[in-house]
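Here the protein sequences come in this chain order: A and B. Counting with this note's numbering, you get residues 1 to 397 for the letters of the first sequence. Counting with this note's numbering, you get residues 1 to 629 for the letters of the second sequence.
Everything labelled a hint here was simulated from the structure, so no lab data went into it. It cannot be assumed that every hint is accurate.
[What the hints assert, rightly or not] Within a straight-line C-alpha distance of at most 16 angstroms, the following computed EDC-like cross-link-like pairs (lysine to aspartate or glutamate) qualify:
1) Lys182/B x Glu168/B
2) Lys25/A x Glu168/B
3) Lys241/B x Glu168/B
4) Lys601/B x Asp247/B
5) Lys112/B x Asp207/A
6) Lys25/A x Asp361/A
7) Lys112/B x Asp53/A
8) Lys538/B x Asp361/A
9) Lys334/B x Asp250/B
10) Lys34/A x Asp361/A
11) Lys353/A x Asp82/A
12) Lys334/B x Asp247/B
Spelled out, the chains give:
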Amino acid sequence: MRVSTAGIHQSALAGIMERNAELVKLQNQIATGKRIRTPADDPTGAVRATELDRLLSESSQYARNSDVATNRLSLEEQTLGDVTSLLQRVRDLTVQANNATVDATGRQSIATEIKARLDELMSLANHKDANGEYLFAGFKTLTQPFGNAGPSVQYFGDQGTRSVQVGPSQTVVDGHSGFEVFMDVPQGNGTFYTRAGAPNTGTGIIDTGSVTNPTAWVSDTYTITFTSATTYEVRNAANTLVSSGAYTSGGSITFNGAQVTITGAPAANDTFQVGPSGSEDMFTTLNKLVATLNRPGVPASDSAQFSTEMGATLTQLDSALDHVSSVRSSVGARLSVLQSTADGRADNDLELKQSLSQLRDLDYADAVTKLNVQLVGLQAAQSSYAQLSQLSLFNFL
Amino acid sequence: MADFLSNGVSALLAFQRAIDTTSHNIANVGTDGYSRQRAELVTRPPDIKGNGYVGSGVQVATTRRMYDDLLAQQVRISTSSFNSLDAYATQMDRINNLFGNTTTGLSVSMQKFSNALQDVANSPASLSARQVLLSEAQGLAERLKSYDSQLDGYGTQIESQITSETSEISTLAQGIADLNQKIALAGAHGQPPNDLLDQRDRLLDQLSGHIDVSTVRQDDGQLNVFVGTGQPLVMGGEAAKVLTIQDRYDATRQNIALQTGSGSPVEITANVTGGTLGGLLDFRTQILDPTRNALGRISIALASAVNTQHRAGIDLAGNLGGDLFNIGGVEVLKSSANTGSGALTVTRSDVSALTEADYRLEKTATGWSLIREDTGAAITMTGAGTSANPFIADGLSIVVSGTAATGDRFEIRPTRTGASGISVAITDPNRIAAAAAIRADATAANTGTGVISAGTVVDATNPALRNAVTIEFLTANTYSINGGPALAYSPGAPITANGWSVEITGAPAAGDTFTVSDNVGGTGDNRNALALANALGKGLLDGSTTSVNDAASRLVGRVGVAARQAQASRDAQSVVKQESIDSRESVSGVNLDEEAANLIKYQQAYQAAAQMIRVASDLFDSLLAATRR
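Input sequences plus hints: build the corresponding full structure.
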């Protein structure tokens, strides 16, 4: 084919320009270390990289969330630890006060200490976190959750609990409401409570009882009435006779799957109540304990009442300790979930980063090889052009 | 003997012409569009003698331009096509670079916004977290707006480029018409005006770079030039003008029109193909508008997803959350040719059904017809177009007011202004609705094991949403809401009332109560913030299948694919164009070596012819000497 002189120069130049453009692109890739600079370099890769970037950013946010939840749960755990030792101390004091050798003065001084513990419990329940928000107020974090309302302590928070997102579809609750921790302590043995009738004149003491046959248990308020010193009957709320029998001190009274034991010498017409457990807050338990300890307790019947109440209090304190312990174990479980999701997240992040790197980062060995090939090509094109351009028939004329 | 001398003279003259032509070629080796010329040597008519024909030398028949019309046309076609793709790809590269930045990209801004929401969820009462959220929301809105204003800026530049393209086309057309006249005059002498033809071809080449052209040659050598689908641009010595006229709907938009003589301009936008102008027009309709619409649709979906959730929550002061983002309305453009008084009010009724297309609503003799502009498909509308019963189609609600005349048209752009109209609606961080509007509590005296869920807001517009409601268990298996009729209890089944939904699990006892109430004071509640943080990942667009995040990364992918395709097409066409130029140059181009060889050839022939004169002179001298006495 004929080739025009302008065409020779043009095509040589075009070849050199093309090499130049290729070199600039490679140089740019090497300088930035990125294979994909704009979406056009690899559209699907760019979209995938965007997606991976998003997942990584999300993951680091989950890590932050997880840290926040861990901090808050740790603070709660610490506070609950204080609550546990407080309750333990109160229980020890109660056992001590229940000893017959302690007289009224001794009981009163114990009551004074328990009163102080009550205030301490109140301050623990109104604990604030680093942001100045109440730890145990539910959603109402800016409202002081516990306060005295008349003789009792009232909860002003709500039952809300905050979830924190720690994974794409995983949330962890970062605390417990004050209601759940301090208020919602099961009464009695968890199924029913027992109580001695206030005007009892005998010395009968009822224990907290237990459920022997859960399927036979019918939730109701039962009254055990002593028809004489040696016989009793059990009636439900509708005054229907449920059970009756002869009383021996320490013998168990069984009805509807429940079993209670009365010891001592109840008088005729003495009553004991067995009712379904609701919940009793810790403050009420402690307040009642203080009231019990402050009673002078002279007559024998009062002593029986005292024993029943002390027994019920001990059960209630055990229930509170159990309750706090179960809350603490749920805190522990959440902390362990946070830990394991953090581990999983670290693995996942590594994988994402590797994928992202494969997708977006430059293979230097490959790029430098290409660069060298292009450089050699450019040099060859330049020198061949220089030689070619010197050739002309006119040189020989 | 006289023949012998005159043969020599004819050769001298002919080779002188040939050397002239060679020198002309050498002189124009660098001239664009120059076609090499060649002196066509032919024998002169022979003399008839008794003993036969005797040759009478050489003469130059014509100076021929080495030119192949077919190859020249191929160059024009490939140039037109290349310039079109080049203009398209150049513009596309800008958009590609705009969306390509991975540190300031759209999905980065969205992620920052989501993360800020998560931080608010971590600490809903923290004003600093709320302030950061507002800043990130502003950042996201600004990012969307800045993309849109960049695209808008490209659009404005394209409009002015289109205007300058049309004036250049007009100038070139006039130049061709002028040359046509000169060529017709010059050609009347019977010899081709080679250099004028080259000039005209060069103008044609340039013209084909701006717009696709086709040519028809007249007998007198004049060339008629047509653009588009046969619209005459140059007819002999007359050139038409290519103008821009305002779009009937959008005054900021230029359309292309052709004006012949003093006639009125005829719009040819839809017929224009090829060349830089064709590339720009293609880019405008195929990339720029859809990209702005896609961006607008993402903005609308984002605002809608966030606002819907935000309205379901309450802020720190206990008020129901309003909109977090403001969003622009639907752009409705009325044709300037409308004769009736009809006007449209168009609102978005269903974000999930919105498309990225623009629409044209036309009053027909029997009613209204809606055409989707990108596909040209007719869209079925339900409703009557009244405010009580509006037309509903593709997520739009259209209300017609006034009296439209038959043939009146409106352009509806549902998503075009979405990105430019987005802004953050609140400035007070306390107004961020991080808490849910309601809370659910169990009563302390409950003896059963029933547990109530935190509750979710289903319908934030229910006026009774935040009223206190008591759910009381009449027996272990039935409950009543606010003392209403007994309902059967099934653990975990949703219980709904007043626009909320809660679930109770476990075994509640008779007499147990649960309350659902206003979450006022719930400063630590983060349920709505969490829901907001996840709103961008939820399916919303395209019939609730595409999330805002998906739509954003899809847009980037789409831009990337289009840019890559544009680059590839341009590169491929560049090769085609170069090949066609090489083919033409192989016929028309000057090769200096060839000219050098010709020069030597003609020089030697000239010298030989001169020798012939000398021989004639010698012969004449010897004859004179022989006859001298």
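Status of the hints after comparison with the structure:
Distance restraint check for Lys182/B and Glu168/B: the Cα-Cα separation of roughly 21 angstroms exceeds the 16 angstroms cut-off, and the hinted pair is therefore not satisfied. Between Lys25/A and Glu168/B the CA atoms are separated by roughly 34 angstroms; this puts the pair beyond 16 angstroms, and the hint is violated. Note on Lys241/B and Glu168/B: the hinted pairing holds, with a Cα-Cα distance of about 10 angstroms set against a maximum of 16 angstroms. Taken as a hint, the Lys601/B and Asp247/B pair is broken in the structure, with Cα atoms around 64 angstroms apart against an allowance of 16 angstroms.
The suggested pairing of Lys112/B with Asp207/A is violated, with an alpha-carbon distance near 61 angstroms, which exceeds 16 angstroms. Straight-line distance between C-alpha atoms of Lys25/A and Asp361/A comes to about 15 angstroms, which keeps the hinted pair within the 16 angstroms bound. Distance restraint check for Lys112/B and Asp53/A: the Cα-Cα separation of roughly 12 angstroms lies within the 16 angstroms cut-off, and the hinted pair is therefore satisfied. At most 16 angstroms may separate the alpha-carbon atoms for a hinted pair to count; Lys538/B and Asp361/A exceed this at roughly 30 angstroms.
Between the alpha carbons of Lys334/B and Asp250/B the distance comes to roughly 8 angstroms, so the proposed pair stays at or under 16 angstroms and holds. Straight-line distance between C-alpha atoms of Lys34/A and Asp361/A comes to about 5 angstroms, which keeps the hinted pair within the 16 angstroms bound. Annotation: proposed proximity of Lys353/A to Asp82/A is violated, straight-line Cα distance about 43 angstroms (limit 16 angstroms). Taking the CA atoms of Lys334/B and Asp247/B, the gap is near 11 angstroms; set against the 16 angstroms cutoff, the hint holds.
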